[in-house]
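Enquirer: Starting from the given sequences, assemble the full structure and let the hints guide the process.
What follows is each chain in one-letter form.
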Amino acid sequence: MTLAHRALFTWFILLVFLILLCLRLDPRTTWNWFVTFIPLWIFDGILVIYVIIKIIRKWRNLKRLRELLLLYKWNISGVLLTISSQLFICLTLEFPQAIPIYVTMLPISTLLLLAIIYVAGRLRKREGWLL
Amino acid sequence: MFKLSELVRWLGLTEFEILLNLCGLLMFTITLSLKISGALNNIALDVKSDWFAVFSPLFFIDIFNAYFCVIVGIRMYLDSDNKRKALNRFMWSTYFLVLIAIFKYLLCLKLSGKTGLEYSEVFSPIFVLLQLVAVRACQLPNSI
Chain A
1 MTLAHRALFT
11 WFILLVFLIL
21 LCLRLDPRTT
31 WNWFVTFIPL
41 WIFDGILVIY
51 VIIKIIRKWR
61 NLKRLRELLL
71 LYKWNISGVL
81 LTISSQLFIC
91 LTLEFPQAIP
101 IYVTMLPIST
111 LLLLAIIYVA
121 GRLRKREGWL
131 L
Chain B
1 MFKLSELVRW
11 LGLTEFEILL
21 NLCGLLMFTI
31 TLSLKISGAL
41 NNIALDVKSD
51 WFAVFSPLFF
61 IDIFNAYFCV
71 IVGIRMYLDS
81 DNKRKALNRF
91 MWSTYFLVLI
101 AIFKYLLCLK
111 LSGKTGLEYS
121 EVFSPIFVLL
131 QLVAVRACQL
141 PNSI
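Taken in order, these protein sequences are the chains called A and B. Just so you know, this note's numbering puts 84 at position 84 of the first sequence, and the rest follows in order with no gaps. Just so you know, this note's numbering puts 69 at position 69 of the second sequence, and the rest follows in order with no gaps.
Treat the hints loosely; a few may be bogus.
Stated by the list, open to error - A short list of chain A residues far from chain B (calculated; beta carbon distances all over 10 angstroms):
id	residue
1	L3
2	W31
3	N32
4	V35
5	T36
6	I55
7	I56
8	E67
9	L70
10	L81
11	I83
Claimed, not checked - Covered stretches of chain B (chain A as the covering partner; in silico rule of three or more C-beta atoms under 8 angstroms from a C-beta of chain A):
id	stretch
12	25-37
13	54-65
14	110-122
Note that these hints are calculated values from the structure, not bench results. Fair warning: this is a prediction, and the values are worked out from it, not measured in the lab. Beta carbons: idealized from backbone N, C-alpha and C, even for Gly.
Expert: This is the structure:
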């Protein structure tokens, strides 16, 4: 898929999610929050398939799995943290008192922290500053 | 799914702006956790149940981003021969920042109970921004 296709697909998923979110937040509907998050689950599923295909394509050249996992550490940790963040947010919204808010926010904070480290690393490499 | 360079190309934000936004979001998750757990009410009585205090990291980051965009816009306009490109970049950054800031402001008002707007109206700046982002996606070359 080219960048334009991927961008338009992501845009469409986001649009559907935001429409569902608006409908759920207004008092007209009382859907389960897991249902509201369906577009994001679909996106996550495709993301997982995308990463697996990426790894399998590389597997032909690299024999050691550990090497491969290290190579794709950012992709794998990003996908896992995204899924766990959404799962915890849905659980908290559906059962408000069941999970402490700090536990809910832990995966998303970790994801943001990892993203900051990644982007700062890229900036440091390119510009030779930061960190 | 996207490389950082691809996101920069699609969204029209620089890596530095993305970094600033991520930092703001991280701070926001912390303040949101404090607010929901009720710890913020114990720390500062003045900001009790005020959603603007919770959203303040995001507003600060918007101000930093606006400053950055103005500086980049002026430098691009003065240094580059292509003035049109500099203006386009400045206009896009302005649209992006203004729409996001309006959304956050409306959301704060809604959460504070100071407005009778529905959530679909609160989200309207984001829908407008999504249309602009879709136009940018259509302008991307098919060869990448």
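Enquirer: If a hint holds in the structure, say so; if it doesn't, say that too.
Expert: Consistency of the hints with the structure:
1. L3: A/L3 is in fact no farther than 10 angstroms from some Cβ atom of chain B, at 4 angstroms.
2. W31: Non-interface label on A/W31 holds, nearest chain B Cβ at 14 angstroms vs cutoff 10 angstroms.
3. N32: Holds: least Cβ distance 18 angstroms, greater than 10 angstroms.
4. V35: holds, 17 angstroms
5. T36: Per Cβ check, A/T36 is outside 10 angstroms of chain B; nearest 12 angstroms; holds.
6. I55: holds, 14 angstroms
7. I56: holds, 16 angstroms
8. E67: holds, 21 angstroms
9. L70: With a cut-off of 10 angstroms, A/L70 remains clear of chain B, as the shortest Cβ separation is near 18 angstroms.
10. L81: Label holds. Min Cβ-Cβ 13 angstroms, cutoff 10 angstroms.
11. I83: holds, 14 angstroms
12. 25-37: holds (count 8)
13. 54-65: This one is violated; 0 residues, fewer than the three required, reach chain A with a Cβ under 8 angstroms.
14. 110-122: Three-residue rule met by the stretch 110-122 of chain B, so holds; n is 3.
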